[in-house]
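Asker: Spelled out, the chains give:
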Amino acid sequence: MTTYIIRRLLLLPLIMLGVTLIVFSMQQLLGPLKLLSTYVDPNTYAKLSDQDKIILMEQYGLTDPLPVRYGKWIGNLLKGDLGWSVVGKEPVLDALLHRFPYTVELALYALFPIIGVGIWFGVTAAVHHNSFIDQTIRIFALIGWSLPDFVWAILVLLIFYIGLGWFPPGNLSLWADEVVKSAAFNNYTNLLTIDALLNGRIDVFWDALRHILGPIIAISWLWWANLLRITRSSMLEVLRKDYIRTARSKGLPEKIVINKHARRNALIPVVTTAGQMVIGLLAGVVIVEMVFVRTGLGSFAATAAQTLDYASIMGVLLFTSFILIVGNLIIDVSYAFIDPRIRLG
Amino acid sequence: MKKFFIILMVTLLGVFAFTQVKNPDMIFDATLSEPDTLDPHHAYDTSSGEVIFNVYDNLIAYDGESLSEFVPMLSTVVPSVENGYLRDGGTTYVFPIREGVKFHNGNDLTAEDVEYTFERALLYNPPGGPVWMYLDPMFGVFSIRTLVEDYVGASWDNIFDSNMNPTSPEYEEALVNFYYDVIDPAVEVQGNEVHVHLARPFAPFLNVIASGSGWGAILDKEYSVEIGIWDGNAEGWWKYHGWTKEQSPYFDHAMGTGPYKLVGWDHAQQRVTLERFDDYWRGPAPIRRVIIQGIDEWSTRRAMLETGDADIAYVPAQYLDVVLSMDGLTVIPGTPEVSITSLGFNWQVDPESPYIGSGQLDGNGIPPNFFEDHNVRLGFAYAFDYDGMINEVLNGLGEKVPTALPTGFLGFDENLPTYELDLQKAENYFKRAYRGRLWQTGFKMSILYNTGNDARRVSAEILRDNLAKINPRFQVEVRGVQWPTYLDERENMMLPVYIIGWVADFPDPHNFIFTYYHSEGDYGGYYGDNFAEFASLPRPEFGGKSLNKMIEDAAVEADPAKREQMYIDIQDFVIDYALVLPLYQPQGLRVHRSWLKGWIDNPIWPGDYYYDYTKVE
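In order, the protein sequence lines correspond to chains A and B.
Under our numbering, think of the first position of the first sequence as -6, with each following residue one higher.
Under our numbering, think of the first position of the second sequence as 40, with each following residue one higher.
Bear in mind the hints are in silico, worked out from the structure with no lab data behind them.
Keep in mind it's a predicted model, so treat the numbers as computed, not measured.
All the given hints hold, so there is nothing to weed out.
With a straight-line Cα cutoff of 30 Å, these simulated DSBU-like cross-link-like pairs (lysine-lysine) come out: (1) Lys141/B - Lys174/A; (2) Lys174/A - Lys300/B; (3) Lys601/B - Lys439/B.
Partial selection, computed: residues in chain A whose CB lies under 7 Å from chain B: (4) Ser30; (5) Asn36; (6) Thr37; (7) Leu41; (8) Gly81; (9) Lys82; (10) His91; (11) Leu150; (12) Tyr154; (13) Ile155; (14) Met283; (15) Val286.
Residues from chain A that face chain B, not an exhaustive set, calculated with beta carbons under 10 Å: (16) Gly24; (17) Leu28; (18) Asp43; (19) Asp45; (20) Gln52; (21) Gly158; (22) Pro161; (23) Pro162; (24) Gly163; (25) Glu171; (26) Phe285; (27) Thr300.
Glycine included, every Cβ here is placed at the ideal spot set by N, Cα and C.
With the rest of the complex left out, here is chain B:
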């Protein structure tokens, strides 16, 4: 990895280069998109997260570039068993709240604000939002609806009518009691401390609430109530539940304790304007104003970078050479990203799928359970050119990983074997598949990609060409479809294989291992029932535990050393069985004007943290 992590400082003064810093009091960040919403409990994308990250503070924060070390923020300590703030066998986290912190409107931060923030998150829990990350450790469920249904003893649709009003007074009473019995005790204020109770010890909990995640932002209760967010009462809490993005008043409002205030979000210009908060508890930021603007055209972003109007710009990997030849820029290729692009196999394709030809092993298609055969998966694994993909297609901005676990995560082990391009090996596996029948008959199938995503298209084409080289009877058609179609086909179990990426929610192995390899994971769920059966069978490799059980146990293991070994064992297993082909871990390309100082490369952060920046030539 190190060899890609070359820092290139280009500070040559050309004829047209600027000798002076342009707009010394302001940072212009020319990026690719604008936020989805500024509601911290709804935002789940990095563009939204970046704004929230600068406007709000969290209880704790990552220490610089670290993905595992924390520093206190609004909490004055980082809870641990050693310092006595992690209690009850790892189920109670205690946060002493910092005094003298002000919100942007002048209100004081109190422990009640923190309690309110947690409770609002839990009760609001919009579908498609990030709040499941609280619900899972705190209650062992993924949705507040499940919790309410269990408590009330009726289904959600029976409890509420279509206008979200309780269908009977009994239900209404039960809902009020639900708040007092379940939600209220989960987060308590004791003096100046906030106590958060979990259902079970959950190692990644601090990751979930640390900065880098918008959903860990602490809200101002008074302001929230004022603009129409949950009023803090048990009665009627359900009226504030599950809104769509645009219904939330926090959609384009923000009131945090962070280093920057939100001045405005101009939707037409895709521009967010931030202004320094002079009363910030750590002292005001050096830069007065920050503009983050979505500029879709690369040539325009490039022009602004060249003239110095933009201090930071998003540069696609293929333009690395262009920025390297420009003066006055700091270009850092190969910054790590916490995401994996992989190829998953469907062990049970819908027999009606148009992508499996005849649906039989007759040379004109593949059977629906084609990928249940271990040898077929391994044949595919050795038919892909991993290094070629990274070096030629990604311009070197990618890394080869053994499994769908990014580098730097607990359990990442570079000694684990990786698949290589080896057509001979692939041929041997294919000859063994289906007792030699596959080699004789050959197969036909389609691999889809979403149009516009060239990396995925080329990945599929590499596989197609290599398979045809191994045996001309192996025919793969590469077909581009629109993103909605791609997702829909995957949903309906039509795709025999699918190439897709996953971006970390928090830097814990569980977020990837569960997603990819558990049969109920977000991706594992699409490998079909045959895979689910495979994943729940007892395995001698795990001392009689199933793969699913092993993954579940690893998530709750408190001892990091033991936990690490468990994840290594899991990875050994999934490599042997070629469950998923990790194609590459993408790497970023950082480009900013050289006069911008103070950038910290923490891949779990949603974007830039402007508080650290200064502009000096």
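Bound conformation, chain A alone:
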């Protein structure tokens, strides 16, 4: 098991290098002039003279051949310099570090309702197969599954912000933002709710929570539905298995049959889905972040991609491919814990 993990981890930098090389080469297809237009404000671009364009292309190193540019990029990367983010208006590394905590915090809080409730609903639906409870849960899941995320996000905003005035958009209220930015406030983890508690600021904690609940509600329903469907079908399949019939015919109480024999075995596909969800959440939830003005990684990556901001795209790519690889490794390892028959090697 340990060797397996080490081997996978050793592959990590190689895979990441490969991924960046592919994307970097694609950027070369665009040519220096097209790339330059991503560095300059569109209205300003209309006013550039030919000489300006040449100087700017040189300044940003866009005229160098691909190997030189990639070499420079790798060289700077090793020094911790990921370049300048046109979209973020700051160095790419800073941009990622400033935005990632918002995403992590959202993912952390969203995880519990999504996984807990998703699995619980799934199991319940399967156990009460074709009953009223099952039908209700399935309708609930169907709506969540088929509703486009932006529609649902805007609905949540409408109900909980405009209607009830509970969960406003943004990361924090303006007053709380000032508190967090003041010298007296220590940023231990950069996670707003946790830092607020560590600083003994219950008011800021409450404010941060108010701002995070809207996005959580928006994400949860969409992702519950997915997990619920997987759990339900996996559970149904297991419940039809011979050993369950055997367990029941032995006269075991239904509770033990479900919890001990069925659920555990039904969890394998659920772990895969849940794991991928965590990865997805960490890589950023684009629409929800945009609607709720939560300045996390998702909205940043989306804007960077739209505007062809290559330095930022490469940065996000490095970051997310790292999460993806490590995340998948954790999923694989957890299989082995859930089902000892699975051997890694």
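We have chain A; now place chain B onto it with these hints.
Answerer: Frame of chain A; chain B shown alone:
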């Protein structure tokens, strides 16, 4: 225009409407983007300009809504020949500097600060920045590099190595002397006055330095040197030249004399925070704090507007009906904008262009010089539905203009003829084109637009549909490409026609007429060599002058009445020849909470001027 300029005040109190002003001491402006840079000599977009506009003062300012009248700011007079502060036949502007003005750090404003600001702008001159607007009137060049090369007598690449160090001691000496001989004498301090010398009389000069332009902002010399901007010395000035945006310490710093101080620019949240400057020389602003935040999602901006968390919000034209139905808002549709969206013709498309089909007049393409034919251009001009575009697509938020000159500018004349949708006329012109051959063979070409820009897409589609109606053999394909591709294709002369907008740098006709109709203009340069030849031929309409010469002469004409007539003559000519199709002048949609009072609609301003605002129900 007036009919669009309807002011609608919706102040009905609904069940959920607020009876009280929310956050009375603060303004929250929910806008679309964040600044590009806060360096006044680099910033060239309105989002940056808006922040600079509130943090700094200029020497003079526009008088309220006026685009031509000025009031003194840091200068105590607006120079004119009559008051004696515009001298030497219009080439020396004298600015007496106001006393008792403080920068936000407590420093006093002096004439040296003003001199430093001008010189720093000239020497810094970053590529893609606005400083050419100083260099052109002051030295007759568009880049400091040209000026240095002329003075030193060598090319820039020979004078400097790749690290911007002079390649020889001789060059270094020449560069130092360049400052003493050229830059230093151009802006002089005499007592409390600053004298600015121009190379030639240049009518729009006051426009260039008036507020509304970030590049006219006056910097604090002491603070600038402190944070690492040019140290004010002749030796080594070149080390402070031409940085990229992010290299300048002024990228996210600001120190002006304006009504608001910059508290911070949070890049992650796209949020700029401003705080009232209590020692402002005109007295402190009524509102203590201003937050300008880029919020990309319309639904979110709308929600914030509805709850009263946002006082001002950017509203796209298609949501006019939505905001009109909301309570507690002031909605003003049809505010003028100093920009034109036009369709330009390329008289000499690259023969390799994938957008001209076979590249011949055989029914499967167009020849590269297709648009050199006067009749083809006129045929296109009468095939576009200008009114339909404005009324149906822009929701009425646009205006029809005769040429690529916005309303309100000197030389704008509503009596000039405009093109109308007239398929019969178009057909007549097309039948005459290429001695009737075009009508027989038909043509195929592509019109591109940048994806996401729906107005441009629809413009192209209208043209496509109408051309097909005139003659089914006229086949236009409308194709969307990404913005960088669009620009690249234009650059390489691949586009047969291109639809693009131009936003004013300053409200002077030269900024549009030169751009669009001079063969060296920013857009005219893309009509090809055939057009350049056309524009430099002597014309009987101009008494033997060429179009280019006429445009150049109009820029330096000192008599406004004569100048106006020259621009009208130029426009008569360009309409006759259908050189450019002005599709529409876009209009803005202003939406703010009704409790916000004091908004002034000056279209040349980069944004809101918060000093004028109060919040009262």
